[in-house]
Amino acid sequence: MTAQDVFFYIFALITLVPAFVCVFHPNILYAGLSLFGSFFGVAGIYVLLGADFIAATQVLIYVGGILVLILFAVMLSKNIYGAKFQDEKKKKILPGLLGLILLGFLVKFILTTPWNMTLTDEAPLPTVSRLGDLLLTDYLLPFELASILLLAALIGAIILARSK
Amino acid sequence: MMFAVDLRHYLVLSAILFVLGIIGILSRKNSVGILMGIELVMNSAGINFVAFSKYVAADLSGQIFALFIFVIAASEVVIALAIILRIYQNKTTVDIEDIKDLKC
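Taken in order, these protein sequences are the chains called V and E. Under my numbering, the first residue of the first sequence is numbered 1, with each subsequent residue one higher. Under my numbering, the first residue of the second sequence is numbered 1, with each subsequent residue one higher.
Here chain V stands alone, though its shape is the one from the complex (with noise of 0.2 Å):
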């Protein structure tokens, strides 16, 4: 075993673990919290991948973004320690049931499936200058596309969300 592949077992068990809490954690505020984690774990799986610009887009974005929302949604909404926000236990064993046939198809097609790799040698790191002509060039218009998309999400959650 190599050094990433040591760093790669510890960032899955960063990833999954707190990705384990989120969803069978009964309390609504710790599963948020512990998204924290997991979106952390994420990003090293990125970092090991050779993707560095998406690793940090990942941290800024994730963490930054979403999971802050995320936690002001949660606080915004009353009684988090309240009976109402526990969910049921038992609640949980027919999708676990249906988690776990699901992903027995996916971890038998994933180990028989041939797939055509075609690995070279490692590419230069910083990604950044690379990936940038390639969203001025080839993707320019899914990259037009997603800044009208943005100012339409932008628009309709404030025209949502205001109060009367």
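Simulated from the structure, these hints should not be mistaken for lab results. Predicted model only: the values in this text are computed from it and were never measured. Even glycine gets a Cβ: it sits at the ideal position worked out from N, Cα and C. Just to be clear, a hint being listed does not mean it is correct.
[What the hints assert, rightly or not] Partial list, computed: chain E residues near chain V (C-beta under 8 Å):
| hint | residue |
| --- | --- |
| 1 | Val32 |
| 2 | Leu35 |
| 3 | Leu67 |
| 4 | Leu85 |
[What the hints assert, rightly or not] Derived Cβ-Cβ restraints for the label pairs, each shown as a range:
| hint | chain 1 | residue 1 | chain 2 | residue 2 | range |
| --- | --- | --- | --- | --- | --- |
| 5 | V | Gly132 | E | Ile96 | 39 to 45 Å |
| 6 | V | Tyr9 | E | Val56 | 20 to 26 Å |
| 7 | E | Asp98 | V | Phe36 | 25 to 31 Å |
| 8 | V | Asn27 | E | Thr92 | 16 to 22 Å |
| 9 | E | Ala58 | V | Gly132 | 16 to 22 Å |
| 10 | E | Asp95 | V | Gly132 | 42 to 48 Å |
| 11 | V | Val6 | E | Asp98 | 44 to 50 Å |
| 12 | V | Thr113 | E | Arg86 | 42 to 48 Å |
| 13 | E | Ala58 | V | Leu76 | 43 to 49 Å |
| 14 | V | Gly65 | E | Ile96 | 23 to 29 Å |
Given chain V's structure and the hints, the job is docking chain E onto it.
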């Protein structure tokens, strides 16, 4: 070698994350909890894209798609939380079993 990490390890990791998100979506009654499940599913899709970008495609197209996943996840969570806050203002609940009609 079982422990040497290659594409399959990343795919299995993202499959576990995906299934955890699906379980969260199906089992939570709090709508913010369902949103957390959707975030887990989107993260697993991002891991898949970047892993394929390194091991199969060997260019940066997968990383571009991961960036677009971030954009879509951000706008989705903003709209969903605005709707949830709106429902909470009118009904003082975010439990999906108490929200039965579209008009509120």
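Hint-by-hint comparison with the structure:
1. Val32: holds (5 Å)
2. Leu35: holds (6 Å)
3. Leu67: holds (7 Å)
4. Leu85: With Cβ-Cβ at 5 Å, under 8 Å, it holds.
5. V:Gly132 with E:Ile96: 39 to 45 Å: holds (41 Å)
6. V:Tyr9 with E:Val56: 20 to 26 Å: holds (22 Å)
7. E:Asp98 with V:Phe36: 25 to 31 Å: Check passed, 29 Å falls within 25 to 31 Å.
8. V:Asn27 with E:Thr92: 16 to 22 Å: holds (19 Å)
9. E:Ala58 with V:Gly132: 16 to 22 Å: Holds, since Ala58 of chain E and Gly132 of chain V (Cβ atoms, about 19 Å apart) stay within the stated range.
10. E:Asp95 with V:Gly132: 42 to 48 Å: holds (45 Å)
11. V:Val6 with E:Asp98: 44 to 50 Å: Holds, since Val6 of chain V and Asp98 of chain E (Cβ atoms, about 48 Å apart) stay within the stated range.
12. V:Thr113 with E:Arg86: 42 to 48 Å: holds (44 Å)
13. E:Ala58 with V:Leu76: 43 to 49 Å: holds (46 Å)
14. V:Gly65 with E:Ile96: 23 to 29 Å: Because 24 Å falls inside the window, the suggested range holds.
Hint violations for this structure: none, all hints satisfied.
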